[in-house]
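Build the full structure now, drawing on both the sequences and the hints.
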Amino acid sequence: MGELKVDKHVQYILSVEKKKDSFEALVMEHLRMNGAYWGLTTLDLLQNVASVDQEEVISWLMSCWDRESGGFAGAIGLDPHLLYTLSAVQILALLNRLDVLDIEMISEYVAGLQNEDGSFSGDMWGEIDTRFSYCAICCLSILRRMDKINLGKAVNYILSCKNLDGGFGATPGGESHAGQIFCCVGALSITGSLHHVDRDLLGWWLCERQCTDGGLNGRPEKLADVCYSWWVLSSLIMIDRVHWIDKSKLTEYILNCQDSENGGISDRPDNAVDVFHTYFGVAGLSLMEYPGLKPIDPAYALPIDVVNRIFFSKF
Amino acid sequence: MHGQPRKPLRVKDAAAAAAKASNLRDLQSQLLHNHHHRLYTKEAIAASSKLLEINPEILTVWNYRKLALQQNLKEATDSERMKSLVDDELRAVEIALRANPKSYGAWYHRKWVLSQGLAEVDFDREFRLLDQLLKVDSRNFHGWNYRRFVAKLKGLPEVEEVKFTMDMINTNFSNYSAWHSRSGVLSRLLSKKAEGFAEREKILTEEYELVSQALFTDPSDQSGWFYHLWLLDQTVTPNEVLLISSWPSNDSDCVLSINGNAAYCKSSEPIRSSYYFMSTGKLPVVLYFNQTVKGVNSSSVTVNSMFVKNEDLVWRPLLHTKSKEAACWVTYLQIPDIQLSDTKVYRVEVKLGHSKDILSSSGSKFNHPLHFIFTLTLNSDSLEHARGESVDELLVWDDGGSSTLESNDLVSFDQLKLSEDHASAFSKWQLDTISNEINLFKELSEENCIFVKLTLARLLTAQDAMLSHTVPTVRLIRLRDVLELYDDLVKLDPRHAGYYEDERSLVIMNQVTFDDKSLSSHLSHSSNYISSKLHLHGCLQLKSLSLTRIGYFERLLWVQTLDLSHNKLRSIAGIEALQLLINLNLQNNQISSITALEPLKLLSYLRVLDISFNKIGAHSVDTTRYIFSSPLTHSIVKDKKCIEECLQANINVADNWEAIFLFSYLHLKQLDVKGNAVADEKFRDLLKMVIPTLTWLDGERL
Chain A
1 MGELKVDKHV QYILSVEKKK DSFEALVMEH LRMNGAYWGL TTLDLLQNVA SVDQEEVISW
61 LMSCWDRESG GFAGAIGLDP HLLYTLSAVQ ILALLNRLDV LDIEMISEYV AGLQNEDGSF
121 SGDMWGEIDT RFSYCAICCL SILRRMDKIN LGKAVNYILS CKNLDGGFGA TPGGESHAGQ
181 IFCCVGALSI TGSLHHVDRD LLGWWLCERQ CTDGGLNGRP EKLADVCYSW WVLSSLIMID
241 RVHWIDKSKL TEYILNCQDS ENGGISDRPD NAVDVFHTYF GVAGLSLMEY PGLKPIDPAY
301 ALPIDVVNRI FFSKF
Chain B
1 MHGQPRKPLR VKDAAAAAAK ASNLRDLQSQ LLHNHHHRLY TKEAIAASSK LLEINPEILT
61 VWNYRKLALQ QNLKEATDSE RMKSLVDDEL RAVEIALRAN PKSYGAWYHR KWVLSQGLAE
121 VDFDREFRLL DQLLKVDSRN FHGWNYRRFV AKLKGLPEVE EVKFTMDMIN TNFSNYSAWH
181 SRSGVLSRLL SKKAEGFAER EKILTEEYEL VSQALFTDPS DQSGWFYHLW LLDQTVTPNE
241 VLLISSWPSN DSDCVLSING NAAYCKSSEP IRSSYYFMST GKLPVVLYFN QTVKGVNSSS
301 VTVNSMFVKN EDLVWRPLLH TKSKEAACWV TYLQIPDIQL SDTKVYRVEV KLGHSKDILS
361 SSGSKFNHPL HFIFTLTLNS DSLEHARGES VDELLVWDDG GSSTLESNDL VSFDQLKLSE
421 DHASAFSKWQ LDTISNEINL FKELSEENCI FVKLTLARLL TAQDAMLSHT VPTVRLIRLR
481 DVLELYDDLV KLDPRHAGYY EDERSLVIMN QVTFDDKSLS SHLSHSSNYI SSKLHLHGCL
541 QLKSLSLTRI GYFERLLWVQ TLDLSHNKLR SIAGIEALQL LINLNLQNNQ ISSITALEPL
601 KLLSYLRVLD ISFNKIGAHS VDTTRYIFSS PLTHSIVKDK KCIEECLQAN INVADNWEAI
661 FLFSYLHLKQ LDVKGNAVAD EKFRDLLKMV IPTLTWLDGE RL
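Protein chains in written order, with the UniProt record's numbering: chain A, 1 to 315; chain B, 1 to 702.
Honestly, the hints are just simulated from the structure, not real lab data.
A few of these clues could be false.
[Claimed, not checked] Cut-off 25 angstroms, straight-line C-alpha distance, at most; resulting in silico cross-link-like pairs (DSS-like, lysine-lysine):
id	chain 1	residue 1	chain 2	residue 2
1	B	Lys-640	A	Lys-148
2	A	Lys-247	B	Lys-615
3	A	Lys-153	B	Lys-322
4	A	Lys-18	B	Lys-7
5	B	Lys-491	A	Lys-247
6	B	Lys-688	B	Lys-674
7	A	Lys-20	B	Lys-491
8	A	Lys-19	B	Lys-7
[As the list claims (entries may be wrong)] Pair ranges (Cβ atoms, derived):
id	chain 1	residue 1	chain 2	residue 2	range
9	B	Arg-316	A	Val-6	45 to 53 angstroms
10	B	Lys-640	A	Lys-18	39 to 47 angstroms
11	A	Glu-104	B	Asn-650	26 to 34 angstroms
12	B	Thr-171	A	Gln-11	45 to 53 angstroms
13	B	His-2	A	Val-6	20 to 28 angstroms
Glycine residues also receive a C-beta, built at the ideal position from the N, C-alpha and C atoms.
Structure (structure tokens):
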């Protein structure tokens, strides 16, 4: 299995940025803001964020800001959306540069997407999903503007998506899915509402995601995938049930998904690597206290020192 | 990339990839140009379709098409034209779904178009599309979500969903999506008592039969087991809310002396007197229900006493969150300063059940009016015991052989005896069903199937809770069987060893707290505790039992001194119910963070705490970080002020917030923290600062 190839992964992430013209890069172009967040957070967890020109990042990031609405787009010229607004805010929190933002306007944009029933739309076109509840709540919390929304209703909507297996779906009645569970449990954590979660019931469902190969899947009877190392592990940590899985087997699984020659991590062993899975693999290892990695916060998906800096310094 | 093999690019492929990339780049820039210039011509829209064929994930393309549709509809003159515009969008979605059947943008576009009410919805077409998609991937949750959307749009009765899930399950038992959907719709229909679903027990019995077929067909498939777990939950949920324990208990006589801040409470029951030490003039009254309830307040519970008007009593759930629901509730009677000569006996009566406000989350009610009485005698000779008691004395935990009580020295633990009532909370059907399932799985349990053993362990545990009034020997044998099953499971399935050990710990707690006899054998009356004259109940010793978690607190409400040392405890969740707790020993456990100690914040009498030799500070990941009230969870009102004060005192809040937000809420006199990674000199200095009441730290007088 070998060790985590820290240098290779740093090189890989830096190289992705340079290969803008490949088909793979173009297909991912629309969510470049997410990509930047995955890449930068991974670099920081690997203790290497200094290798990036921060001013360049910030100037590109701000050119994705839509002054009219107050939201961020995934790339220059595209439409704003909560998915990218959260990533932009997370990146600036990571770089300790929230000061470049018009916090008032961004928080108005986010709060403006809350619906009457407490749910959140992803953008002006009205798609509703608990993913967007998480984006909004996490974003406003980092910006320290939680008072802008109706928190009680926001929590109640998330609870209306809770299933009989203890998990959560995208909308009421939607099947439980580890990614969706992360969003809902994350939002409930940030709002101090975890008492609404049956931790034993959900914990059992989540720990059953560990497959015989050690990896985690996202739903029953599915194949393991490195990205669930993040979604499942972070949720298990937030509800204090992570000791119900075998961490050493999962560590082995993630390390087996590394491209040890060229860097990067893939969904399954020997598949093509990408930034998304590289982030989720490294973040998963961080959640299992892999040596040499910075610890990551399971709810805000940012390094712990960044989150503590936001909430425990003078304001 | 999901599911794509890792391989080096060959030269030939590289050229093709470059051509593909160039095409995509052109289409993307065309789209942006048209979008920004609001060009909605036929050609422009066609170009966007081509882009969606390659990459349906770009939300902006779908936004562009929505704007184009709105614009072109304005110019549409007849309904035919409108219909064809709508049709174009539906087709674009179908093409996109061919490229990616899980495209969020595509699915939402279809919902959005149909929701506009522009043309009559062709439901046959929608259901056909769904059939095709679910045939290819019967677990596509986008498809299932869309099906719910279309069914609602059409106004399809929920019964249809029951039939549909049946068809899907019959096609393939291993379809978690179908089982999930079925449990949801059945539970709604059952709770509404919809037509054909009024006979809950009959329907659930049929479901047990259905799922058994699935389980026997493929016992390694998780889908059916989760459905079975849901059925089990439906079967064991009590039909009624019951009070299972209280403190003080019915018929107890408490003798109180108030000396300065101290009050002593003695229960005259029956052989040995029990004195309770209280460090404030507040006497807790604790109610423990058989399930989580809401609506406990001064109108649903009446406390008649001369000390305080009932309507002035505030009942609070014993939880450190904002929740208004809990199984355990408390209120405090303020005992006024009394004259030494006053020897009157005060009667306190607690009545509940007269209103229907006390409700469980599943909607069951507290139905049987109930009342209990205890008496308080103020100023008795117990004051003598208080004299000479130095509150500054160091409490030394007894780690030698403890002198447990002789068996003829049984103590009655003031439990509310409600066993017969408790049985009425379950119907014959509930009891029979569990018993049938146990027989079924017992036959199979020899085969070393993990799920069979686990389900059997769960069934036996459920049966024990339902039949708590039956003969102790039968129960003890059952609990021994459950322990054996969990021991087997740890060996069979080491992946989940942590889960099985947690479950096992609860079984051990059940055995230990099982009855007065069993509890008495764990009581120590070592001279250490007797000399302090505070705890005639002695110390409940639950040490070296390999416990990873604790439970059955409703049986321990009277405990004042608790020794849980030398276990494997990771969590003390639930301990907040022990409102009388003064001394707590958690030495040599696996507690890995300060935040895991949050339940202590609700124990206002706690004075002595030993958390030495744990793992606090040894881990970078804190699994109770979000269960703890802190500014991170927006659950502390005065966080700003507290942080600012600490910053002013030059305390590094970012590094010490857990200690600050825990220990400043405790009123400890004695604390042991040595043997934890966190416990250096700096940390000790911080503790001295945030706990001004501290007299002893790690055995040294401050």
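Do the hints match the structure? See the list:
| no. | hint | verdict |
| --- | --- | --- |
| 1 | B:Lys-640 <-> A:Lys-148 | holds (18 angstroms) |
| 2 | A:Lys-247 <-> B:Lys-615 | holds (18 angstroms) |
| 3 | A:Lys-153 <-> B:Lys-322 | holds (15 angstroms) |
| 4 | A:Lys-18 <-> B:Lys-7 | holds (20 angstroms) |
| 5 | B:Lys-491 <-> A:Lys-247 | holds (17 angstroms) |
| 6 | B:Lys-688 <-> B:Lys-674 | holds (14 angstroms) |
| 7 | A:Lys-20 <-> B:Lys-491 | violated (51 angstroms) |
| 8 | A:Lys-19 <-> B:Lys-7 | holds (17 angstroms) |
| 9 | B:Arg-316 <-> A:Val-6: 45 to 53 angstroms | holds (50 angstroms) |
| 10 | B:Lys-640 <-> A:Lys-18: 39 to 47 angstroms | holds (45 angstroms) |
| 11 | A:Glu-104 <-> B:Asn-650: 26 to 34 angstroms | holds (32 angstroms) |
| 12 | B:Thr-171 <-> A:Gln-11: 45 to 53 angstroms | holds (49 angstroms) |
| 13 | B:His-2 <-> A:Val-6: 20 to 28 angstroms | holds (25 angstroms) |
Hint check: a violation occurs at hint 7 only; the rest are consistent with the structure.
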